[in-house]
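S.K.: Listed below are the residues making up each chain.
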Amino acid sequence: MERTRLMSDAASATPTAPAPSGTDPDGDSAHSRRVAKAARRGRSRRLRRNRLLQAGVLVVILALWWLITAIKLVDPLYLPSPQAVLGAFIDANRCLVVDESSGRSVCGVQNYYLWEHLLASLQRIGVGVSLAAIAGVGLGALMSMWEPANTALAPYLNFLRALPPLGYIGLIIVWVGIGDLSKFLLLFLAAFPPIVIATIDGVRGVREDYVSAARSMGAGSPQIARFVVLPAATASILSGVRLAIGFAWTTVVAAELNNGIPGIGGLAYISGTQLKTPLTIACIIVIGLVAVALDGCIRWVGNRLVPWHGKV
Amino acid sequence: MTERANHTDRPDSADPVDSADSAETGSVVTLEGVSQRYITDSGDVVHALAETDLEIPEGQFVCVVGPSGCGKTTLLKIIAGFLDPTGGAARYRGATISGPGAERGVVFQQPNLYPWFTVRDNVALGMRMRKVAKKERTQKAQEYLELVGLADFGDAKPYELSGGMQQRAQIARVLANETDVILMDEPFGALDAITRARLQADVLALQRKQHRTVFFITHDVDEAVFLGDRVLVMSARPGRVVLDQDVTLSAQAGRSLGEEMRRLPEFIELRERIAGAIEH
Numbered sequence: 001m002e003r004t005r006l007m008s009d010a011a012s013a014t015p016t017a018p019a020p021s022g023t024d025p026d027g028d029s030a031h032s033r034r035v036a037k038a039a040r041r042g043r044s045r046r047l048r049r050n051r052l053l054q055a056g057v058l059v060v061i062l063a064l065w066w067l068i069t070a071i072k073l074v075d076p077l078y079l080p081s082p083q084a085v086l087g088a089f090i091d092a093n094r095c096l097v098v099d100e101s102s103g104r105s106v107c108g109v110q111n112y113y114l115w116e117h118l119l120a121s122l123q124r125i126g127v128g129v130s131l132a133a134i135a136g137v138g139l140g141a142l143m144s145m146w147e148p149a150n151t152a153l154a155p156y157l158n159f160l161r162a163l164p165p166l167g168y169i170g171l172i173i174v175w176v177g178i179g180d181l182s183k184f185l186l187l188f189l190a191a192f193p194p195i196v197i198a199t200i201d202g203v204r205g206v207r208e209d210y211v212s213a214a215r216s217m218g219a220g221s222p223q224i225a226r227f228v229v230l231p232a233a234t235a236s237i238l239s240g241v242r243l244a245i246g247f248a249w250t251t252v253v254a255a256e257l258n259n260g261i262p263g264i265g266g267l268a269y270i271s272g273t274q275l276k277t278p279l280t281i282a283c284i285i286v287i288g289l290v291a292v293a294l295d296g297c298i299r300w301v302g303n304r305l306v307p308w309h310g311k312v
Numbered sequence: 313m314t315e316r317a318n319h320t321d322r323p324d325s326a327d328p329v330d331s332a333d334s335a336e337t338g339s340v341v342t343l344e345g346v347s348q349r350y351i352t353d354s355g356d357v358v359h360a361l362a363e364t365d366l367e368i369p370e371g372q373f374v375c376v377v378g379p380s381g382c383g384k385t386t387l388l389k390i391i392a393g394f395l396d397p398t399g400g401a402a403r404y405r406g407a408t409i410s411g412p413g414a415e416r417g418v419v420f421q422q423p424n425l426y427p428w429f430t431v432r433d434n435v436a437l438g439m440r441m442r443k444v445a446k447k448e449r450t451q452k453a454q455e456y457l458e459l460v461g462l463a464d465f466g467d468a469k470p471y472e473l474s475g476g477m478q479q480r481a482q483i484a485r486v487l488a489n490e491t492d493v494i495l496m497d498e499p500f501g502a503l504d505a506i507t508r509a510r511l512q513a514d515v516l517a518l519q520r521k522q523h524r525t526v527f528f529i530t531h532d533v534d535e536a537v538f539l540g541d542r543v544l545v546m547s548a549r550p551g552r553v554v555l556d557q558d559v560t561l562s563a564q565a566g567r568s569l570g571e572e573m574r575r576l577p578e579f580i581e582l583r584e585r586i587a588g589a590i591e592h
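Protein chains in written order, with the working numbering: chain F, 1 to 312; chain Y, 313 to 592.
Worth double-checking, as some hints may not be accurate.
[As the list claims (entries may be wrong)] Below, in silico cross-link-like pairs of lysine-lysine (BS3-like), each with a Cα-Cα straight-line distance of 30 Å or less: (1) F:K311 with Y:K469; (2) Y:K452 with Y:K389; (3) Y:K446 with Y:K469; (4) Y:K452 with Y:K521; (5) Y:K521 with Y:K469; (6) Y:K446 with F:K311; (7) Y:K447 with Y:K469; (8) Y:K389 with Y:K443; (9) F:K37 with Y:K469; (10) F:K311 with Y:K452; (11) Y:K469 with Y:K389; (12) Y:K389 with F:K311; (13) Y:K447 with Y:K389; (14) F:K37 with F:K311; (15) F:K72 with F:K276.
Source of the hints: derived by calculation from the structure; they are not laboratory data.
Can you make the complete structure from the sequences, with help from the hints?
M.R.: Structure (structure tokens):
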């Protein structure tokens, strides 16, 4: 909707673009290219304005936070100052001498630097989501193309999707222990349903005339799957993976409640129980920022893989 | 039905499947008492197509014209193999049609090139599926792009083309696939009048060069008379052919004419007659 409005705005801004090329049989491609360019310009201007607005909100929040702690409105145990959080963040990434006489020093927290905690969590998410993507796309393809599979499995998939990971983490630990396997399994189970559902949606949503056209070009089922269904479903599958990574982030703290060190979720939890609130807040901010950055990466990959999205 | 010598010597005609019978008459598509009924969600039986007999000879450009809901698209889907008729038999070169096939290519009303391929790869896709070597299919795709006036747009993505250009590319995609019968379902219906007139003239010129067997659906009487060797008029509920009209002017003086054809008294007379048949 927004896009069409922009396009028409740009079109009225350049009303008489003469098509210079004699090679264009319908005469309007050069024009439409200029329209697209003008629309892109408008879009980037709007993007800049939006970024500015978002940065403004951040400044306001930081200022309020600083003000509340500076005038000691709240006990620093509950809400530490931004400086304290920054300090905790820096300390968690370096070695500190704790005993001047012996020269004994402690590096990071819980024997790991903060970035090592983060890396450990990212690895778990990577393994869990990757396995979920492989299994989820496979099962989704099966369920969307073979109705009996869908009938048999859809209710159980919805059952699994509705369960909060915190609810069954205890059971998983009983089954497979408190090692990394329980964390992989929990993240896998959290990431699996959205990928299956997105794959089913993607395959079912393939335009019927795309398939008809391929069949009347002589395509058999494997060729339709390869040349038509898979590329057409890619956008939906990627948005399922995006959703799954989001779920995995929200689940990682639950997965790391027990024996979660190293792990950024485990660190956030343990520092909270030890009343090290500056570190807890630092962990939360890191988790949030990395999640946003990761989401940006997936979107970037998506735009690369599915450049036609929203254009057809 | 008209017999024209120049239509029987198509150089690249596909192998006849069987049936000496259809080979004798030269029919590419034969419909015998084909009908179509379906049941709506509310349980009513709709008679979309009454028993229809039709023979389409080699190289003929048949236009089907009629109001929406007259069963013309049903007819096309049956020939394409997208739909099994509930009565009668549909045959392609004597063999019963049991599904879609490369010998019956379809040009759809909405542009439906695959956006994940370039325009050239779209045109070459049928050949790719038949395992034609890459060099050969790229070269042939380029030839057909040139034929439809898109020589410089092979590397573009479909969504970078205008609607008219996308339809040209769709036509090239079907032509490049060695299609025997081309089925076109209101291919210019979604285009503006100017682009539409340009494409009609180009398709006419193309047909005079290639002599393909074409089954062309439109709701535009002028388009039907302009392009067709023969015009079928259909009426609705149940859909049936009410007029089967040869366009003789195109065999004579009109054959060499383009846009000027529309001003011939014969052309205008035919157009009126067909428009009259639709109203009844």
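S.K.: Of all the hints given earlier, name the ones this structure violates by number, lowest first.
M.R.: Checked against the structure, the only hint that fails is number 13, while the rest are satisfied.
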